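For the protein sequence lines, the chains are R and Y, in the order given. The numbers in numbering that gives the first Met the number 0 rise by one with no breaks, and the one at position 221 of the first sequence is 220. The numbers in numbering that gives the first Met the number 0 rise by one with no breaks, and the one at position 145 of the second sequence is 144.
Quick caveat, the hints were computed from the structure, so don't treat them as lab data. Please read these numbers as outputs of a predicted model, since none were measured by experiment. There is no bait here: all hints are sound.
DSS-like, lysine-lysine: derived pairs with alpha carbons at most 25 angstroms apart:
no., chain 1, residue 1, chain 2, residue 2
1, R, Lys276, Y, Lys205
2, Y, Lys250, R, Lys250
3, Y, Lys250, R, Lys197
4, R, Lys180, R, Lys273
The following residues of chain Y were derived to be distant from chain R, with all beta-carbon distances above 12 angstroms:
no., residue
5, Arg92
6, Lys160
7, Lys250
Note that CB positions come from ideal geometry on N, CA and C, so glycine has one too.
Protein chains: 2
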Amino acid sequence: MKVGVIGAGSIGLLFASYISKIFEVTIYTRTEDQAYQINENGILLRKKAIIKQSSVKALPISSWKGIEDFTIVTVKQYQLSTVLEQIKHLSKRPKNLLFLQNGMGHLKLLEEIKGINLFVGTVEHGALKENAYTVSHNGEGATNVAIFRGDFSCLQNFATKVPADFPIHVQEDYYLMLRNKLIVNAVINPLTSIFQVKNGELIQNKYFFRVLTSLFGEISFILNLDHPEEHLRQVMGICKKTAENRSSMLKDIEANRLTEVDAILGFILEEADKQEKQAPLLEIVYYCIKGKEPAKGGEL
Amino acid sequence: MKVGVIGAGSIGLLFASYISKIFEVTIYTRTEDQAYQINENGILLRKKAIIKQSSVKALPISSWKGIEDFTIVTVKQYQLSTVLEQIKHLSKRPKNLLFLQNGMGHLKLLEEIKGINLFVGTVEHGALKENAYTVSHNGEGATNVAIFRGDFSCLQNFATKVPADFPIHVQEDYYLMLRNKLIVNAVINPLTSIFQVKNGELIQNKYFFRVLTSLFGEISFILNLDHPEEHLRQVMGICKKTAENRSSMLKDIEANRLTEVDAILGFILEEADKQEKQAPLLEIVYYCIKGKEPAKGGEL
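Could you build all of it, start to finish, from the sequences and the hints given here?
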């Protein structure tokens, strides 16, 4: 089976490296330079002190023809529209696409894609891109995937064949799967970014914990959670388990990059709007992050 | 007229330095060491490139007898209870006390003081304590004062005699005077601390400005402002005028010191509570600041 990986950030490099043991992988990069560097060096995967080299073919995204049997889209949600635009202009439609974006904002974009088997997934690995062709796998986890639309078989086939140290679990309900991850991301990512603290401090600092529970309460109300206490327990459990980690959004803010706040909080704010529910905390948290993003929101 | 100045932080040093041209001033310090250093060096006042030396007598606060005709209390609100406790044990009550704390949380403490003329004031000077006996006057402003209780004449006398380059304006209504300053402080101080930006960015960054207007809306509702638009205009005007300044609360957070958040937001939250009004944004903002204060709020 030929597999395409679109996007060569930390998650793209991580997936390409692991699955290239099993599949024939082509990774598609934003720049020609990165493709060149990957072709020259392979992908280096660092896990603790061990470095493994994988030989993976790399091409710039402009050369993507969608010919692989299975394609994993790893770009950020805010880069997704460019990829989707490109699909429309391919002479041959790709057969199977797996989308690994955070949040749920991308679902409405996927609605517009016709005649392709579409899958979505959530990634629980910790990964850090060290340079154009090196990724550090610093948090072992799993990938959850589920069908969004179309035929199931290729996803099942893919998930069964991946290496045992890079597990992919097939879930029944894509909506619940994405929503559960969204809740965690919507609480931990923005608050760690505003407070500029590691994940653990959200539950260790009693004042920050007050803010966490208030924000969670609003999210729970907007998403109409049936068992909010279970979700809150999950959020707290992840804060505890990843106590020493800096969230991806905090890293983005610190590195003066765009964040995924629109994909994460933007989606929940839209839900609030549809249901005509007030969301004062979510709004203030959203604007705090937007204000810290590089464009600085422009002048008044 | 003999004048006592209690507290030798930036405002205490600034006042002692300016008014010592006219009055016989004793400044009371928290530590014996600071009193020693001021007695050795005088108070150095830096204003742009010019440094002026004033000869001011300094004593540790434990030696305060309350014998001066007029005493200015410049300690932070959270240090005030110590001073008030000391008043109770003086053999002779001081005659006239002027309190220069931020916020309005100290008013209920002043209610308990009997038989003394009490005045309150707000300071609009920018001042930075450089060391134990040096203060930089980096923002020219004025001091507003008003009677809280008792006889007016000593305050009037004091305000008339101060040097022209250090004006003190007597206001009619202490409540309106403090409240107007409180509104400005309640918006600018916490938000600049959370966003970690200079005052100007609150109105230059459109997202931060959204948060500012939401927070202001809550404050306006809780304080039952008659003309909120005028207060909002004042807040924006100060952001613009002091665009390059870092607020005192931001400096406190950066220096890992306690902030005046209880004096400022605590008071408004109590008002909300009394009136049974919801204050979700004020609460989240309050906890954000509390969480950033040095004690870290302790474990859960």
